[in-house]
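Participant: Spelled out, the chains give:
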Amino acid sequence: MSPVDYYVTILAVYMGTDLIAAWGLNLEFGVTGVPNLAYIVFFACGSYTYAVLTVGPASQFGGSESYIIGARLDPAVAILVAMVASALVGVIIGLTGLRRLRLDYQALAFLIISFIAIGVVGADGAIFNGLPGMSLIPNPLGTGKGAATAWEYVGVVALGCVFAVLLVRQLGRGPLGRALRAIRDDEEAASAVGKNVLWMRLMTQGVGAGLAGLAGALLAGFIGGWSPNAWAYTETMALITVVMIGGRGSIKGVAVGTILVLGGFLQGVQYLPTLPGRPGTTEDLGWILAAAAAIFFIFVRPQGLFPERRPKLALLPARVDAAPVSSTDPTAEVLTQAAGRSAAARTDGPAAGAVGATELAAHHVRLVTRRMPDGVDAVRAPGGPILQVRSLVRSYGGVRAVDEASFSVPYGSIVGLIGPNGAGKSTALGIISGFIKPDAGRVELDGLDVTRLPSYRRARIGLVRTFQLAREFPRLTSLENLLVAPLHQRGEHVTASIVGKAAYGAQEAALVDRARQLIELFGLAHLADAPAGSLSGGQKRLLELMRALMLDPKLLLLDEPMAGLSPAITERLENACLALREAGVSVLLVEHELGSVDRLCDNVIMMAQGRVLAEGAMEDLRRSVDVQDAYFVG
Amino acid sequence: MNLFVETLGFGIVSGCVIALGAVGFSVQFGISNVLNVAYGTFLTLAAYLGYLLNVEHFNQWLSVVVVGMAIAVLSVVYNRLLPGRLMRRGAGFVTTLIATVWAGIGMLYVIVVIAGPTARTYQVDNGRTLTFAAFVLTTSQLVVIGAALALMFAYHLLLTQTQLGKAMRATSVNPVVARSCGIPVSRVIDAAWFISGLLCGMSGVVLALTTVTFGSTLGTTFLIYMIAAAVFGGIGQPYGAMVGGLVVGLATQLVGAYSSPAYEDVAAFVILTAMLLVRPRGLFGTAATRSLRLAGG
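Chains as they are written, first to last, in this note's numbering: chain V, 299 to 932; chain A, 2 to 298.
Next up, chain V with everything else stripped away, as it sits in the complex (with noise of 0.2 Å):
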């Protein structure tokens, strides 16, 4: 074997698994944000399950019994079973309590991981025969030493990044994809438009470290030994790099990042000068050396080479097939009329793009009975209430801010939730939704109760919310901050991802048809394509009411809609409430803007130091002198 085949296929066998590790790491924390510093250790777990499996007995690591198991084991064999073991260390440590962490100490949990396990494995002789490590770990392709041995490793390698390449490809693009980047945008945001984010995280998790398995279990056989120098956690940081020089979330920016930084880490090393008098310190300087660049790349652009495109989704042509204008459908003309007087407003000025109460209503309706083919009465007639809400208790420390509170919300109609600051009427919609767990009492949705339900599987079922402040997935489009919404999207399922469009394309289609049209009726057309993040505050609270509507909800609860807006979007959002009543849709209004209160409410609820201190008409609450005192006079 030449030197020259010698010294390139190592490096090719290096690159390759790290670069395997490294997509891996970029669905986790590139596209789903979970700040695994811990990755190494995933990769270690392949390389030992690997060594384990196929090392035989005891014997001939000299007495050492951590090699019990002597399985002997098909290297093939062993290395997808490095692979699922990985996987699944990666879905308890995502079990563990780390998932009720905020991101910061998320992170600082991964940390603390890798150093304990590196700690026990490095303190214990008899867990992988502690810090000498496993040694003489078979090859998968046998043991001839021949180049020709060593290319076809690499040719192994290259197998499985592809595989890697595909799978995280495949997995990170169309709705899964964009659910994933809405998670690692604003995990409560994405639970409240019904994704569950713990599968969705548990999934990467697991696929991340399976990979890290994979590559971990292909480094260790080629080497042949493995010990706890090999996965210190300056590795993970490494590998994070990679991800943010290439830039996060952008598959081909990885594989950039990659070579340039490993590779020119690997390399560069090789031309740096020997310090006088100091043998040794050449690896030194290149550390010094990989520092100084990767604060400079970091300084320079933050963004990464390669920064995540999102798709263009508003400049596509109109599919007629799935678009539901036809001549047939009665409202198909009010849209029409709709979309075009909002089109020409915008070009006259400040009405641009007002919506119209009856056509969104329409527009709405329309959508919801579509939904529903087989005469489902989605819009039940008023009747019972939509919402009950019975002695809701939650107390902060000796505060109790929600105490004993009981009201309704009628079928088809907009009650408002008035009271003074800390009555309690956030923390009511924060435990109607499910963000906020009550100590007491029971909330039920059209007769069903909700209580225990985590807030994904209300959003799911129709009880919808807004926040306080608007919270849009900044880095995702306006379109695709809707297009994350919809329930029962067959794109988000994991097989039907790996599949691709075939699988899910024609329901994508219509959805941003759909989008569309919606976003062109809230006067936002021009902003399609534009990051949810560069909208300015009013836009932002429209984007998070449209992206409501894109999960039919049968009960919206805004949180303070009109705080701070203008005349202009104010009307437009009020006009919307109305409209949806029209629709059907039941509207919980928490507000302090009491002239909307006035023009939009049916009925009023005041609450005020976690009661409920009356309830009826706005004209009639005005008067009470209980309210006067409690809201107006302070």
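Honestly, the hints are just simulated from the structure, not real lab data.
Any given hint might turn out to be false.
To be verified - Which bits of chain V does chain A cover? Going by a derived footprint, with three or more residues having C-beta under 8 Å, they are:
1. 401–409
2. 529–542
3. 590–604
4. 823–836
We put the beta carbon where it would ideally sit given N, CA and C, even for glycine.
Fit chain A to the given chain V structure using the hints.
Facilitator: Chain A in isolation, oriented as in the chain V frame:
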């Protein structure tokens, strides 16, 4: 029994030093929301600077203070150059974290290139050996315990009794509101990094004094203990870090004495794992809700 009491003594000493460093680490995280992994390198740097003074037969306690001040100044400069600047540019949490990792690695290898790979040994004057009941402690161990307790108390007074302390607490809860209340937030942040650098530098030298022989890995090893302590107590919580430091110090020493020194780390990790599983936000941690938006770091 004797072994137990003796170990208890060592544990308290080591716990005090870890607690000092953990408080410093916690202050940075609490005020700036920066997970500064380069903290370990500053510990190592302090140990080497202390060594330079030690070679010149400088008084060992004075050198603790001098090095502490030096690291404090460096810490402020470092924050202004790197984490502080990145945060101001709107860099995310993970990005800043990675930058501190690289800064730590870079500075560490600068130290290694200059100081060489050999371990260094301090000339330590431990003073007389004193016996209290079953406790056997040297005067210098007593000085360490006393000084650590005094520093903790001083920090407590600073936080609760002074204008600066109030400003620091306000800044750690909400820097934007703090600024609009007229608090000079950037100066408060400087002060916080100065204090944390001071604690870091002092604990670095004391660590080297108590371990006597040290090398370039000193910082990383003890950084892990300090993070363990800080997390145990609830990161960002100074009192939590103090308690955490003592718990980690005692646990590692006891396990080291009763089983094998190799298991010292494992003891710290078992405590941490248990804490992460049972109460991930730490003993004194307040609700670590996810509402804070840091996504995508």
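Participant: Hints first: check each against the structure and report whether it holds.
Facilitator: These are the hints, each one checked on the structure:
1. Proximity of the stretch 401–409 of chain V to chain A, defined as three or more residues with a beta carbon under 8 Å from a beta carbon of that chain, is established by the 7 residues found.
2. With a cut-off of 8 Å between beta carbons, the stretch 529–542 of chain V has 5 residues touching chain A; three or more are needed, and the interface restraint holds.
3. Counting residues of the stretch 590–604 of chain V whose beta-carbon sits less than 8 Å from any beta-carbon of chain A gives 6, enough to reach three: the coverage restraint holds.
4. Only residues whose beta carbon comes within less than 8 Å of a beta carbon in chain A count, and the stretch 823–836 of chain V has 0; fewer than three means the coverage is violated.
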